[in-house]
Amino acid sequence: MTDAQPVVRKPLPVPGSLLPRERSGERWLAAVIAVLCFLASLAAIGALAADRAAHGWARELRGEATVQVRPRVDETGPTAASRAAEALSGVKGVDEAYGLDRKASERLLAPWVGEAVLPDLPLPYLVVVRLNPEAPASAPTLSRALAEAGLDASVDDHSLWRGEVERAAGIVTALAIAAFVLIAGATAAVIAYATRSGMTAQADIIETLSLNGASDRSVAGLYQTQFGKLALVAGAAGSVVAGLAMAIMRMVGGEAGLTPALPVRFLDLVAIVVCPILAAVTAVLAARLTALAKLAGRG
Amino acid sequence: MPTQERRPSALKNETDIVRLRNVGFGYSGRPSVLRDVNLILPQGSFHFLTGPSGAGKSTLLRLLTLSERPSAGRIDLFGQDVTQIPRAAIPQMRRRIGMVFQDFRLLEHLSAFDNVALPLRLNGEKPRDYAQDVAEMLRWVGLGGRFDALPPSLSGGEKQRLAIARAVITRPRLILADEPTGSVDRAMGDKLMRLFQSLNKLGATVLIATHDEELAHQYGAGLLHLENGQLQSIEPQPRPQAPVVEAV
Numbered sequence: 010m011t012d013a014q015p016v017v018r019k020p021l022p023v024p025g026s027l028l029p030r031e032r033s034g035e036r037w038l039a040a041v042i043a044v045l046c047f048l049a050s051l052a053a054i055g056a057l058a059a060d061r062a063a064h065g066w067a068r069e070l071r072g073e074a075t076v077q078v079r080p081r082v083d084e085t086g087p088t089a090a091s092r093a094a095e096a097l098s099g100v101k102g103v104d105e106a107y108g109l110d111r112k113a114s115e116r117l118l119a120p121w122v123g124e125a126v127l128p129d130l131p132l133p134y135l136v137v138v139r140l141n142p143e144a145p146a147s148a149p150t151l152s153r154a155l156a157e158a159g160l161d162a163s164v165d166d167h168s169l170w171r172g173e174v175e176r177a178a179g180i181v182t183a184l185a186i187a188a189f190v191l192i193a194g195a196t197a198a199v200i201a202y203a204t205r206s207g208m209t210a211q212a213d214i215i216e217t218l219s220l221n222g223a224s225d226r227s228v229a230g231l232y233q234t235q236f237g238k239l240a241l242v243a244g245a246a247g248s249v250v251a252g253l254a255m256a257i258m259r260m261v262g263g264e265a266g267l268t269p270a271l272p273v274r275f276l277d278l279v280a281i282v283v284c285p286i287l288a289a290v291t292a293v294l295a296a297r298l299t300a301l302a303k304l305a306g307r308g
Numbered sequence: 165m166p167t168q169e170r171r172p173s174a175l176k177n178e179t180d181i182v183r184l185r186n187v188g189f190g191y192s193g194r195p196s197v198l199r200d201v202n203l204i205l206p207q208g209s210f211h212f213l214t215g216p217s218g219a220g221k222s223t224l225l226r227l228l229t230l231s232e233r234p235s236a237g238r239i240d241l242f243g244q245d246v247t248q249i250p251r252a253a254i255p256q257m258r259r260r261i262g263m264v265f266q267d268f269r270l271l272e273h274l275s276a277f278d279n280v281a282l283p284l285r286l287n288g289e290k291p292r293d294y295a296q297d298v299a300e301m302l303r304w305v306g307l308g309g310r311f312d313a314l315p316p317s318l319s320g321g322e323k324q325r326l327a328i329a330r331a332v333i334t335r336p337r338l339i340l341a342d343e344p345t346g347s348v349d350r351a352m353g354d355k356l357m358r359l360f361q362s363l364n365k366l367g368a369t370v371l372i373a374t375h376d377e378e379l380a381h382q383y384g385a386g387l388l389h390l391e392n393g394q395l396q397s398i399e400p401q402p403r404p405q406a407p408v409v410e411a412v
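Protein sequences, first through last, are from chains A and B.
The opening residue of the first sequence carries number 10 in the working numbering; numbering runs sequentially from there.
The opening residue of the second sequence carries number 165 in the working numbering; numbering runs sequentially from there.
Misleading hints may appear alongside valid ones.
Some chain A residues judged to face chain B by a derived CB distance under 7 Å, without partners named [claimed, not checked]: (1) His167; (2) Leu220; (3) Asn221; (4) Gly222; (5) Ala246.
Hints in this document: simulated from the structure, not taken from any laboratory.
Small disclaimer: the values here were computed from a predicted structure and weren't measured.
In this text, a Cβ means the ideal position worked out from N, Cα and C, and glycines have one as well.
Turn these sequences into a full structure, and let the hints steer you where they fit.
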């Protein structure tokens, strides 16, 4: 037996935060950041979907050309179209070429002009050319091949449409990115305002910290930590809600998403992970710069 | 003799902790608060700074804590010219000064322990390194049983002792106190003054601003009188103060 008593060590007290928490004010700020992150997440997913749609449409248009054949006096339209298809089939960069018969042409036009007038309508003789998507033949190459075969024809490689589609999709993507940047700016402004308000309300505390040896950087560090954490948590909440909304849209809409025009993929949801991180980084920078500027102005 | 440097004769050969030469100060657009102030506080000295309200006592202390810059003259602290000290260098200098205020300036959301630990924490020290020092300091000022108490739950005297503990936890060479007994009763005021005397005996230079000249006479320290922004009189300390190198 020994008389030695076990030594009971009291754990070291966990140091409290040097800045008091303004719970009610923080709740509102967190709500605003959550909403901003929700919108930023939607904008990010929208930008991804618009970019994917634009690439898809452009790829489809790039993979096909249409040739209109004008038959010679001594041959019929279908013969000329068939000759054109044969001439184009051997061209490098062409996977397939086939003449569109009258019934197929009528099927294409029926929705626009109606069934009744189709039999009397003079229709152009068309050849559909499927191009190699990796190395498609250019319109001049196709025109040259047709001329060499003695055919009077014009080639439409859809470049006009493709340009329009790409431009429109580019604008949608740019708008989504602009929305994303504006939301980031709004987040920074909200944090800067909150930092300034907090510092004004806590001027006595800041002075006490300064008189006890706190540098401007360490005071700014307190605010950047406080708002960085808050933005990370609130941003994560907003992004999770956005992610759930997108996942539901994807599940309801099937493989093409809610609309084929803006196809959403589950992989896009990974992109929203970035939003709260960016919100936190934005908050840290905004709080730090605001605090340092305010402290420097205090003299 | 406003332009003459005021130095208690018995301490002429000591190192100067504070030296003010022809210091003037005024808030923009207002008459000067301080005019042509000359002052030397040698190491280990104990002074009261007296004067009526508005005489400039608090302003003089704000100059010494580098919260304001003089509009004229020169200020040396610990032998270093701090008149135009860069803002980034101020925290380092302030860590050598202990400040006590009439309104305590405690952080009300922090425990007594955390309030005392504040200067150490701001200096980058870890809790495991300062926990024992802080505990000892709290016991020394008679707050051994109140480690977890929040300031609002403390009496005026306890708050002021807590503020003193925080001011001296870094073993500062200069202690400045602005009306430290102004918010406590006479008995507690006497206790606090004995605390300052103990710190002075341990080597700290102490300057206490008070409007209570009776208090200054009672403790027999050097007396500096500010009136209309000028240091107008001084009485020599009855006893020379030799710095004592000893841990609290």
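- Message: So, against the hints stated earlier in the document, which numbers end up violated here?
- Response: 1, 5
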